[in-house]
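With chain A's structure known, arrange chain B on it following the hints.
From first to last, the protein sequence lines stand for chains A and B. Everything in the first sequence is counted per my numbering, starting at 6 for the first residue and increasing by one. Everything in the second sequence is counted per my numbering, starting at 753 for the first residue and increasing by one.
Just so you know, the hints here were simulated from the structure itself, not pulled from any lab data. The C-beta atom is built at its ideal place from N, Cα and C for all residues, glycine as well. Among the hints, erroneous ones may be present.
Stated by the list, open to error - Each pair of labels, with its calculated beta carbon distance range:
| # | chain 1 | residue 1 | chain 2 | residue 2 | range |
| --- | --- | --- | --- | --- | --- |
| 1 | A | E125 | B | V836 | 57 to 63 Å |
| 2 | A | E185 | B | P788 | 48 to 54 Å |
| 3 | A | D34 | B | S842 | 43 to 49 Å |
| 4 | B | I808 | A | G75 | 51 to 57 Å |
| 5 | B | L854 | A | Y24 | 17 to 23 Å |
| 6 | A | N219 | B | S842 | 18 to 24 Å |
Spelled out, the chains give:
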Amino acid sequence: MTGDAARPALELRGVRAAYGSIEVLHGVDLVVPPASVVALLGPNGVGKTTTLKVACGLVTPTAGCVHVAGRHVNGAGAHRLARAGVRTVPEGRGVFPNLTVAENLALASADRRHAATVHEQAYARFPRLGERARQSAGSLSGGEQQMLALARALATDPALLLVDELSMGLAPLLVEELYEQVATIAREGVSILVVEQFAHTVLGVAHHAALMMNGRVQFSGPSAEIAGALDAAYLGTTGTGARP
Amino acid sequence: MTDPAPPPSRTDQPDRLALLEEALASLPAGGGAHGPEARALAVGTILVIASVVLVIAGWYGASGTLDVGEQIPYLISGGVAGLVAAVIGSVLFLRYSMGRYLRYWIIRLVHEDREQTDRVVAALERVEAAVRSPRDERALDRP
Numbered sequence: 006m007t008g009d010a011a012r013p014a015l016e017l018r019g020v021r022a023a024y025g026s027i028e029v030l031h032g033v034d035l036v037v038p039p040a041s042v043v044a045l046l047g048p049n050g051v052g053k054t055t056t057l058k059v060a061c062g063l064v065t066p067t068a069g070c071v072h073v074a075g076r077h078v079n080g081a082g083a084h085r086l087a088r089a090g091v092r093t094v095p096e097g098r099g100v101f102p103n104l105t106v107a108e109n110l111a112l113a114s115a116d117r118r119h120a121a122t123v124h125e126q127a128y129a130r131f132p133r134l135g136e137r138a139r140q141s142a143g144s145l146s147g148g149e150q151q152m153l154a155l156a157r158a159l160a161t162d163p164a165l166l167l168v169d170e171l172s173m174g175l176a177p178l179l180v181e182e183l184y185e186q187v188a189t190i191a192r193e194g195v196s197i198l199v200v201e202q203f204a205h206t207v208l209g210v211a212h213h214a215a216l217m218m219n220g221r222v223q224f225s226g227p228s229a230e231i232a233g234a235l236d237a238a239y240l241g242t243t244g245t246g247a248r249p
Numbered sequence: 753m754t755d756p757a758p759p760p761s762r763t764d765q766p767d768r769l770a771l772l773e774e775a776l777a778s779l780p781a782g783g784g785a786h787g788p789e790a791r792a793l794a795v796g797t798i799l800v801i802a803s804v805v806l807v808i809a810g811w812y813g814a815s816g817t818l819d820v821g822e823q824i825p826y827l828i829s830g831g832v833a834g835l836v837a838a839v840i841g842s843v844l845f846l847r848y849s850m851g852r853y854l855r856y857w858i859i860r861l862v863h864e865d866r867e868q869t870d871r872v873v874a875a876l877e878r879v880e881a882a883v884r885s886p887r888d889e890r891a892l893d894r895p
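Looking at chain A on its own, in the form it has when it is part of the complex (with noise of 0.2 Å):
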């Protein structure tokens, strides 16, 4: 592994940020390591989704830093940033529900060439969306809905994906196959941001894990050790064995 290959895909460093008058990250340290799992965890409330959407430049940081592949990123526009290669999961449904599940995969494609590529990536990652290609996407299910959404993050061989909450609503059955693909997408090299609430949905498949409080960062570490630390925070009492 060369020097290069320890740079982090994303880094947020001191970050803050506020809608209009109100703040609501009071200094944000994250980091997520090249091709690994990071699951940021917290209750409802804290800032997660929007600390993702400082990661993905759809809300500009008050203060601090976001890096992402090593660069230098405060400010540079969501859709520049998706257009590099940092794609969002958002949290519900990112679908068009009125369009097919093959519509929705073909406007995450450049041209009718590629078009068929993401297909054929599409249906081999997930036969499901194969067999509903021509079933409007607001007839599926819950999950094949995140299905979708995944696939069409995909679409582009992204370098860093950010998923925010991708069990809502969903059976746990179908919550461990999803993150079972998660998984798998990011021995393929992928950088995987996971937003999740319920914790051990996705502590099964993320090599670390940080924990959310009040919009700061509290604990982070590989996510066996943030296991035995989520209970007692998630209840208010301390004595953790996670790292600050």
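Frame of chain A; chain B shown alone:
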């Protein structure tokens, strides 16, 4: 916070990070403006208020003398500058407040569209359930 170490790398995969870095190299970054829209709205509002002040000041100055030659500078400084400030301020204010409103409107449309699709899908499922078991009429009564 200690930086996590990357997992063992696989050599058969393309160096996505190098490609990403290359793509990011030409991006205009380095600070960025936090809330440029809010700033433009504030500038527009200030300009409109300033234009009113300029016009009043111009009128006040011009009304203090009967000499037309002395009134002209007031007319130019107060009237014309006030008018220009009012036009620029109004354009800024309308451009950014309308942009914000139209974005909200489109998001609202998408949201309603999704809700409508959900309702249609739920109705079709109820009809399908009723067709499969015609005796169970309660299936059609479910909200």
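These are the hints, each one checked on the structure:
1. A:E125 / B:V836: 57 to 63 Å: At 59 Å between Cβs, range holds.
2. A:E185 / B:P788: 48 to 54 Å: violated, 42 Å
3. A:D34 / B:S842: 43 to 49 Å: holds, 44 Å
4. B:I808 / A:G75: 51 to 57 Å: holds, 56 Å
5. B:L854 / A:Y24: 17 to 23 Å: With Cβ atoms ~20 Å apart, the hint holds.
6. A:N219 / B:S842: 18 to 24 Å: Given a distance of about 42 Å, which is not inside 18 to 24 Å, the answer is violated.
Checked against the numbered hints above, the structure breaks hints 2 and 6 and satisfies the rest.
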